[in-house]
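*Asks:* Residues per chain, in single letters:
Number of protein chains: 2
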Amino acid sequence: MHMTEFRSIVAETGAAHGDPIAVHGLEDVARLCAAADAAFDTYRATPREARAAFLERIADEILAIGEPLIAAAMRESGLPRARLEGERGRTMGQLRMFASVVRAGAWQQLRIDPALPDRAPLPRPDLRLRMIPLGPVAVFGASNFPLAFSTAGGDTASALAAGCPVVVKGHPAHPETGALVAGAIARAVAACDLPEGVFGHLVGPGNELGAALVADPRITAVGFTGSRAGGLALARIAQNRDVPIPVYAEMSAVNPVLLMPSALAARGAALGTAFVGSLTMGAGQFCTNPGLVLAIAGEGLDAFLGAAREAVSAAQPQVMLTAGIHAAYEKGVAALAGAAGVETLGKGAEGTSPCGGAALFVTDAKAFLANPALGHEVFGSSSVIVTCADEAELVSVLKGLEGQLTATLHMDQADEALAARVLPILERKAGRILANGWPTGVEVCHAMVHGGPFPATSDARTTSVGSMAIDRFLRPVSYQNLSAELLPAELTDAAFGDGAPRLIDGKLTL
Amino acid sequence: MHMTEFRSIVAETGAAHGDPIAVHGLEDVARLCAAADAAFDTYRATPREARAAFLERIADEILAIGEPLIAAAMRESGLPRARLEGERGRTMGQLRMFASVVRAGAWQQLRIDPALPDRAPLPRPDLRLRMIPLGPVAVFGASNFPLAFSTAGGDTASALAAGCPVVVKGHPAHPETGALVAGAIARAVAACDLPEGVFGHLVGPGNELGAALVADPRITAVGFTGSRAGGLALARIAQNRDVPIPVYAEMSAVNPVLLMPSALAARGAALGTAFVGSLTMGAGQFCTNPGLVLAIAGEGLDAFLGAAREAVSAAQPQVMLTAGIHAAYEKGVAALAGAAGVETLGKGAEGTSPCGGAALFVTDAKAFLANPALGHEVFGSSSVIVTCADEAELVSVLKGLEGQLTATLHMDQADEALAARVLPILERKAGRILANGWPTGVEVCHAMVHGGPFPATSDARTTSVGSMAIDRFLRPVSYQNLSAELLPAELTDAAFGDGAPRLIDGKLTL
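Residue numbers (the UniProt record's numbering), protein chains in the order written: chain E, 1 to 510; chain D, 1 to 510.
Among the hints, erroneous ones may be present.
Remember, identical chains collapse to one label, so a pair may be satisfied in a single copy or spanning two.
Calculated lysine to any residue pairs in the SDA-like style (CA-CA distance at most 20 Å, straight line) [to be verified]:
1) 366 - 493
2) 366 - 412
3) 507 - 100
4) 507 - 337
5) 507 - 49
6) 331 - 496
7) 366 - 297
8) 399 - 498
9) 331 - 437
10) 399 - 34
11) 331 - 23
12) 366 - 498
13) 507 - 96
14) 399 - 192
15) 331 - 351
16) 399 - 41
17) 399 - 42
18) 399 - 44
19) 331 - 317
20) 347 - 313
21) 399 - 418
22) 366 - 343
23) 507 - 85
FYI, nobody ran anything at the bench for these hints, they're computed from the structure.
From just these sequences and the hints, can you work out the full model?
*Replies:* Okay, here's the thing in structure tokens:
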């Protein structure tokens, strides 16, 4: 039976809220994809300034929703006000950053190799290259960022910046939040005189709509943040199409934190307390949550473990995003607690609502290496601390890890030689390497990589946060001996000096 | 039974030449992949100048082989001397171009967002990004370019330039050519004091070695030029690994040529003659061969058809690359000759050796649209001319085409309005759009795209010819708050002014 309506759920109570919400059907998928395809040529031809203004208008429209947006997101996610106000700021900041990127124009990767009519033995034709957008993009809203990774999140912002219409499959955990944001985007589309098909929004529970969206022949790429199973399922659909398409799925990571001996000896207790602070932020529901700690046994480790145990025991229960996520968390924690060679170091208080109590486990390198499941993500505030007897064991554990979004070094100057030895391993495992911080803060900027080798993502060649994310939705086209009348304006000689960098005969010019 | 030796075949006669050649086994695949993996960290750490010098040394070593290389390639491919001397020049030119690209350093995509310690509400950490190589790359030699797309061809050159060790699976149609080039690369590796594992070379017929190579967990990307079936098979293996990897397969295209009304009326006969010249070059064995011509019926079309028929009837037989390719060509031509609504316009002379006689077919838009097989590549000098009644039919045919490497416009000024209307369609179909030329000359430069939407390639986001090809083998890594001692040298403040461009706080600086 096809469900025709569903409800917004209050995360804290599990109760339904508001009116029943109509569920879209497969005919809506086809309709929105057709509209996106029809809008593509018009939208991709928008001048840089117009496209930038559109992105900024979306940000303005989101802010203009005001309190109802924050209230809906709080109710549907269980996340606190400060976090969601911050996330709204980040969402608007992302849109504005991409507006500035669109204006700067480097994303076009303009390249010009002028004709060499007198070259022997053969003349060289005039060749000019630019990046063009791929086409309509499917974006999946994420449960853990109802604003910054959802309807108008980073995937949507970067795809729109690239010139791609977007069809969002909203996350069923926050339909009211999604509808408010979708309305803001639709108002920006109208205000900027763009075709309605530039943005579409699909609503419904289950996997049927999303699967149909990825399979639709008019969709040319997919952005997804969520579970490994979900990302792999979408990748399979995308690969089995008549025309396979790229899937940018950000899926799963335990984000190893390495405690280097000297740092551990100097401030083991302080690190233990700070670690639990990072682990329990937002109920541990960050992609970059520190789910794995690696330390070489020695001075300071006991202090670290003691402080971490104390901090986790004092951790207050926090509402998780959905009942399903809470159930998966409890199952994952129970599996760790029962695993061979694993001890429970401490647990936080559990609430009566769907609150996952924070949980810390300790094991040694041998047990960890013997059981790959110990290195899999348990989404929530659970982490495994692995004690290594020596550098050789640490290196074995590192080399055996799957791909990660981040790897963190806590280190002092005396640790630099060891850090330099493990750095090449970390580079092959992670998209971001950080020193003396915690991975849970992801800065939205130009030098950010929120990506990494499989299974952290399905495509390590990119990032889903930061300005480089625009490159995911572009492909190069070369124009040979086209007249100035036919050439895209930005590739004509007349456009030189428009602020976009150009590679002319191999020389970068501003 | 596992074959242990095979023979080099003289293309013209089908006879075996030289001593039996030992066939590598699966243990050799594992050995070479392990060596490549072990060499990776050393090789990727080479300074730009050292890596550039290595690429140039390979070019020098190839030239130093001298006449034996040209003789082997002529014998094994059946291609004439001038073509192979030109191809050798192109091969060396590619290596030298990538040397200059490595030196210039833009491929590193250096990005620096300095710390903002006083930013409210939260300080910004120091973030620095560079591209690093993916790891060992598998490259498949192509039958139709024994030098420029094979052992030391474009894929190998761009992967080595990126800092990736390469394991080549040589094409069994030219084992002696491949062995000579592999020897040249090995000498360059030794001369530059690089680990032997930077380059490996696998030899043997059949698909077993190549399949094992793509499946090897140490391989991180694949470069391939060949058939659609071959490329898709490799893509399937790559996707079904525990850790899927990107496959850059350049597979299949018919490279539509559009004859615009005014150009056709002005010089129909000249276009017909020139078309057959492009079609029959190298026995039609180019990826960019013009296998499809689209014209709106009108003045000049008869002259075009008449001149093309005359030219193709006068075309001399040319030896094809292998007996298998010749057999497939004959089968494809026979299928076209027997297809509903298709007329044979003319055929060239057939030789006694494995020579595919050139063949031209004519059909109309309705018959073409009714039979998708008419739009599939027949590798060799065969082409289908489709007459369209009007612009609407032309647009229908264009919209129904699969992805292409190239699309060509023959046009005069009076055709510009029509060309402008079809250009957006062509951009969505092809990697390169050219005016008043023929697609068979592929310039190796910065603004070249030799790529295009599926099935022209398996990944339209890239090119396999030109300097942008290096990007295929790189991924971004971000470094947060790392000390100058630990940062990669090129990301330290001390390296500013080394010639590489940097995006600093979003501003491009040279």
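*Asks:* Of the hints stated earlier, which fail here?
*Replies:* Result: hints 1, 2, 4, 6, 8, 9, 11, 12, 14 and 23 break, sorted rising.
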